[in-house]
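S.K.: Below, each chain spelled out in residue letters.
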Amino acid sequence: MKKPVIYIHNLTKNFGKHIAVDRLNLEVFEGEVFGFLGPNGAGKSTTIRMLIGQISAHDGTATIFGHDVVKSRVAIHKRIGYLSGDMALDLNLTGKQYLHYMARLHGGVSEHVIKDLAHRLDCDLNKRIGALSRGNRQKIALISAVMHDPDMLILDEPTSGFDPLIQAEFNKIILDCKKRGKTVFISSHILSEVQHLCDRVGFIREGKLIQVGDMAELTKTTLKQVRVIFDDQADVSHIRAVRGVHDITVDGQHCMFKFGGHMHDLIDKLAELSVVDVAITDADLEELFMRYYQGSKK
Amino acid sequence: MGAIIWKTLYEKRFSIVAWSIGAAAMVWLTMIFYPSFSQGDQLADLVKALPPQLQSLVGEASSYKTIGGYLDTVVFNLRIPMVVITMAIIFGISLSAGDEEKGTLATLLAQPVSRSRALFEKLTALLASIFIVHVGVLLGIVLSLLSIGDWYSFDKQLAITFGSFLIASVFGILAYALGMILGKKGMASAIVATVAFGAFLIDSMAPSVSMLEGVQKFSPYYYYSSAELAVNGVDWSYVAIQILMIVLCVSVAWSIFRHRDVEV
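As you go down the protein sequences, you meet chains A and B in turn.
Numbering-wise (the numbering used here), the first sequence opens with residue 1 and increments by one.
Numbering-wise (the numbering used here), the second sequence opens with residue 1 and increments by one.
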């Protein structure tokens with residue numbers, strides 16, 4: 001049985017009367033890439049800040065590698081790499097000086113590793129960080145997070161500011177970590193950015209974890225996108241009667257809808273109708289994500 | 001160990017050099033007027049004509065006649081402490097609440113660095129900055145004495161410089177401690193500025209306002225100004241009281257900062 005490297009039990013954090021994280025329970029296992037997803041303000045960053053010991057929980061516990069995140073901050077931080085989308089760096093240092101400083105805090109990192117990562121990310125380390133664009137600063141923060149070869153990466157909306165090429169290199173770095181058995185905990189409010197990286201995802205909304213699942217399972221349970229072409233004007237009343245049909249739109253002979261019921265019910269019904277063509281595709285997980293979003297707005 | 005100290009000093013290097021040159025220049029510019037003050041009687045007459053409340057601010061006229069007295073009452077009574085305390089407060093706030101508001105403190109604490117280590121290494125960098133500025137102050141005294149063609153006991157020069165270092169450290173560490181406790185630059189600055197100004201006012205007004213006599217000893221400034229360090233040398237009991245104040249500030253900051261939430 002796999003060991004949970006992150007174990008969160010009833011974790012709760014309030015800011016005044018606002019409950020930012022509400023009795024959150026979660027386990028993340030060794031060697032997996034876990035996507036922590038939710039809209040802005042859902043409680044993702046608050047959870048991560050509790051995990052790295054920047055803020056303390058009002059209730060509940062959290063451990064990483066079996067150590068309490070508050071009592072064993074230093075022991076945990078030796079084994080993790082942390083990156084956030086709005087990471088503040090020391091602007092008066094050059095990239096090289098900053099990374100050497102971070103390397104000293106981690107007990108030393110080979111110069112070769114820093115140079116290699118800088119080359120991969122096309123990052124100029126000789127400029128003062130204050131003079132760099134946001135994307136280039138983020139590259140330095142990324143190098144700082146991975147250069148000491150941590151056992152786990154904790155990434156809070158890490159890709160903001162990256163251009164597509166760097167995003168691709170970032171993905172390679174994450175997948176390389178995964179291949180080497182490292183654990184990655186990555187938060188995002190854009191599912192498509194992390195969808196292809198993650199083994200499992202958890203959706204958080206208004207501080208509550210509303211669903212956790214395997215990426216493959218989630219894809220299966222997601223609504224299908226169905227497009228039917230009838231040989232005459234579409235009569236959707238029959239389609240509407242099938243359990244699991246949602247959001248029907250009709251345009252002449254074309255009928256489109258989402259389907260989340262038993263497939264044989266739909267096939268049986270379509271067989272009764274004068275259908276010219278049928279196309280059934282998996283809806284993008286973004287669809288699922290948006291459903292949770294919309295739930296939060298309601 | 002020491003990485004945070006060196007990085008902080010490196011980042012602040014231009015600022016530290018600028019404050020050191022500024023403080024040295026201030027000493028030199030004040031000291032070069034010593035010959036005119038010591039030889040004429042007009043100033044002494046002017047001081048005697050002032051109301052007692054104002055006399056306590058400018059010092060006794062007779063003290064202007066000796067280098068030690070001049071250092072105590074003219075150079076180090078108001079001018080240099082004003083400069084070095086301001087510097088210490090700015091640095092203290094910047095290294096604590098300033099870094100927290102910038103987000104660099106949160107970044108530092110996401111590394112394998114304990115809160116205690118972060119607090120004490122930054123504190124050491126603050127004290128080292130104040131110390132370097134006081135090397136400038138001491139250099140200013142030596143150069144100004146050489147330029148007016150006079151000399152004074154080097155021990156006493158060291159004593160007044162040490163006293164200035166200590167009072168700047170008290171206020172600098174108070175600012176730093178408040179920054180570490182509150183995490184808010186504006187609030188910490190407002191409190192420390194009020195305390196520094198209030199302490200100075202109490203100490204300077206106490207000799208002529210009887211109701212302030214009791215509270216004068218609560219002002220850190222009392223243990224600096226009343227010692228007349230350039231004349232009497234270091235008063236170790238006063239030094240101990242100021243160190244106690246520093247230890248108190250650091251202890252409170254340490255106990256609170258270890259457990260509180262750090263803002264991003």
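Calculated directly from the structure, the hints in this document are not laboratory data.
We put the beta carbon where it would ideally sit given N, CA and C, even for glycine.
There's no promise every hint is true.
[Stated by the list, open to error] What follows is a list of derived Cβ distance ranges for each label pair:
(1) H189/A with V252/B: 37 to 47 Å
(2) A193/B with T12/A: 53 to 63 Å
(3) F162/B with D176/A: 36 to 46 Å
[To be verified] Listed next, the stretches of chain B that the computed footprint assigns to chain A, with coverage defined by at least 3 CB atoms under 8 Å from CB atoms of chain A:
(4) 122 to 129
(5) 245 to 251
(6) 254 to 263
[Stated by the list, open to error] Calculated cross-link-like contacts (lysine-lysine; reagent style BS3-like; alpha-carbon spacing at most 25 Å):
(7) K224/A with K2/A
(8) K217/B with K156/B
(9) K78/A with K179/A
(10) K185/B with K102/B
(11) K217/B with K127/A
(12) K179/A with K224/A
(13) K184/B with K17/A
(14) K96/A with K102/B
(15) K172/A with K115/A
(16) K102/B with K78/A
(17) K17/A with K2/A
(18) K127/A with K2/A
S.K.: Are the hints correct? Go through all of them and say.
M.R.: Taking the hints in turn, this is what the structure says about them:
1. Distance hint for H189/A and V252/B: a CB-CB separation of about 40 Å, consistent with the stated range 37 to 47 Å.
2. Here the CB-CB span from A193/B to T12/A is close to 38 Å, at odds with the stated 53 to 63 Å.
3. As the Cβ distance of F162/B to D176/A is approximately 57 Å, the hint placing it in 36 to 46 Å is violated.
4. For the stretch 122 to 129 of chain B, the stated coverage by chain A is not satisfied: 0 residues place a CB nearer than 8 Å to a CB of that chain, which falls below the threshold of 3.
5. Chain A is given as covering the stretch 245 to 251 of chain B, and this is violated because 0 residues of the stretch bring a CB closer than 8 Å to a CB of that chain, at least three being needed.
6. Counting residues of the stretch 254 to 263 of chain B whose C-beta sits closer than 8 Å to any C-beta of chain A gives 3, which meets the bar of three, so the coverage hint holds.
7. In summary, the hint linking K224/A to K2/A is not supported, as the alpha carbons are separated by about 32 Å, beyond the 25 Å threshold.
8. For the hint linking K217/B to K156/B, the alpha-carbon distance of about 24 Å falls within 25 Å, and the restraint holds.
9. Distance check on the hinted pair: K78/A and K179/A sit about 21 Å apart at the alpha-carbon level, within 25 Å; holds.
10. Using a Cα cut-off of 25 Å, the hinted pair K185/B and K102/B holds, with the two alpha carbons roughly 10 Å apart.
11. Between K217/B and K127/A the alpha-carbon distance is near 52 Å, which puts this suggested pair outside the 25 Å criterion.
12. The hinted pair formed by K179/A and K224/A fails the criterion: a straight-line CA distance of about 31 Å is larger than 25 Å.
13. With a CA separation close to 21 Å, the supplied pair K184/B and K17/A stays within the 25 Å bound.
14. At most 25 Å may separate the alpha-carbon atoms for a hinted pair to count; K96/A and K102/B meet this at roughly 20 Å.
15. For the hint linking K172/A to K115/A, the alpha-carbon distance of about 17 Å falls within 25 Å, and the restraint holds.
16. With a C-alpha separation of about 24 Å, the suggested pair K102/B and K78/A falls inside the 25 Å cut-off, and the hint holds.
17. Distance restraint check for K17/A and K2/A: the Cα-Cα separation of roughly 38 Å exceeds the 25 Å cut-off, and the hinted pair is therefore not satisfied.
18. Restraint check for K127/A and K2/A: the C-alpha separation of about 44 Å exceeds 25 Å, so the hint is violated.
This entry does not satisfy hints 2, 3, 4, 5, 7, 11, 12, 17 and 18, going by the numbered hints stated previously.
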